[in-house]
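There are 2 protein chains.
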Amino acid sequence: MNQLDLQKYIHSNIPLTKAMGITVQEATKHRVILEAPLEPNMNHKKTAFGGSLHSLATLSCWSLVFMNLKDKNIPVEIVISKSEIKYLAPVTNNFKVECHLQNKEKFSHFEQTLAKHGKARIRLNAQIYEGNTLAVDYWGEFAVLRA
Amino acid sequence: MNQLDLQKYIHSNIPLTKAMGITVQEATKHRVILEAPLEPNMNHKKTAFGGSLHSLATLSCWSLVFMNLKDKNIPVEIVISKSEIKYLAPVTNNFKVECHLQNKEKFSHFEQTLAKHGKARIRLNAQIYEGNTLAVDYWGEFAVLRA
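Residue numbers (numbering that gives the first Met the number 0), protein chains in the order written: chain A, 0 to 146; chain B, 0 to 146.
It should be emphasised that the hints constitute simulated quantities derived from the structure, not laboratory data.
What you are looking at is a predicted structure, and each value in this text was computed from that prediction instead of being measured.
It is possible that part of the hints are untrue.
As the list makes no split between identical chains, a pair holds if one copy fits it or if it spans any two.
Said to hold, decoys possible - EDC-like, lysine to aspartate or glutamate: derived pairs with alpha carbons at most 16 Å apart:
#, residue 1, residue 2
1, Lys44, Glu76
2, Lys45, Glu76
3, Lys17, Glu38
4, Lys118, Glu76
5, Lys81, Asp136
6, Lys85, Glu129
In isolation and in its complexed conformation, chain A is listed as follows:
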């Protein structure tokens, strides 16, 4: 599965991602980058709506787990269980979110737990920059279950 396959999957299964204009810029086991145009995601102050920023961040982390597990031939469910988000600066342009595997050891441990117990949890970070400024800092916890 490459970035276009992931984009097709997201667009056809989560209709709101089409309305948001989300595109997949990069999708590997190491990093997922999603982009969205400002216009359909604007708020009353002509900056990005906090709900859109959160949606993009959630999707990037979900996609990173998906990209890592899809090849294993084990049908799994990836469910968001909780998240925290800090809005540190307004986003005034089209925006990109990046989620990358920061801690490979932790991820290996997560995969081993999943293989052994049929369920495991992983916490992932996603960030959105406005120029050089960190604008959104997101942490999501995902529960993965063997389906």
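Knowing the structure of chain A, use the given hints to seat chain B on it.
Below, chain B without anything else, positioned relative to chain A:
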């Protein structure tokens, strides 16, 4: 401003709320209830997308602050600064979020701080039920600034 005015304001200023099909069911200084249909907010499992649930919860809390401050003739900016959300159960139908003023004393203190210093912060809770089960528990912190 009544619930239909708020709905018009939201739809015309935050286009994604139209794509989500959000309607305002109730909007007073004491309580805001927003509703959204499942279909445009579905994920790959035919349950509500976590990003949509978070967006609706954020909007309900923002709207409660807005409903309380709009009559004061002081132009203010209401900005979400951070939030936490727990997804406790899947949402399998059209869904409603409710944000109500739980702590009137705390809110009075917030209004006094805003009047005195021109800025203040308030933390609000919003919840989404699936039947009798609490499915989404959300806390958002909003910074309000005299514009």
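Hints and how they fare:
With identical chains, the CA atoms of Lys44 and Glu76 are at most 16 Å apart between copies only, with a shortest distance of 9 Å across copies and 37 Å within one. For the identical chains of this complex, Lys45 and Glu76 are inter-copy neighbours only, at 13 Å across copies versus 36 Å inside a copy, given an alpha-carbon limit of 16 Å. Taking the closest pair of Cα atoms, Lys17 and Glu38 come within 16 Å of each other both inside a single copy (13 Å) and across two copies (13 Å). Taking the shortest Cα distances, Lys118 and Glu76 sit within 16 Å of each other inside one copy (9 Å), while across copies they are farther apart (44 Å).
In this assembly of identical chains, Lys81 and Asp136 lie within 16 Å of each other by CA distance both inside one copy and across copies; the values are 14 Å within and 9 Å between. For a Cα distance limit of 16 Å, the shortest separation of Lys85 from Glu129 inside one copy, 14 Å, qualifies, whereas the shortest one across copies, 27 Å, does not.
Every hint from the earlier list agrees with this structure, and none is contradicted.
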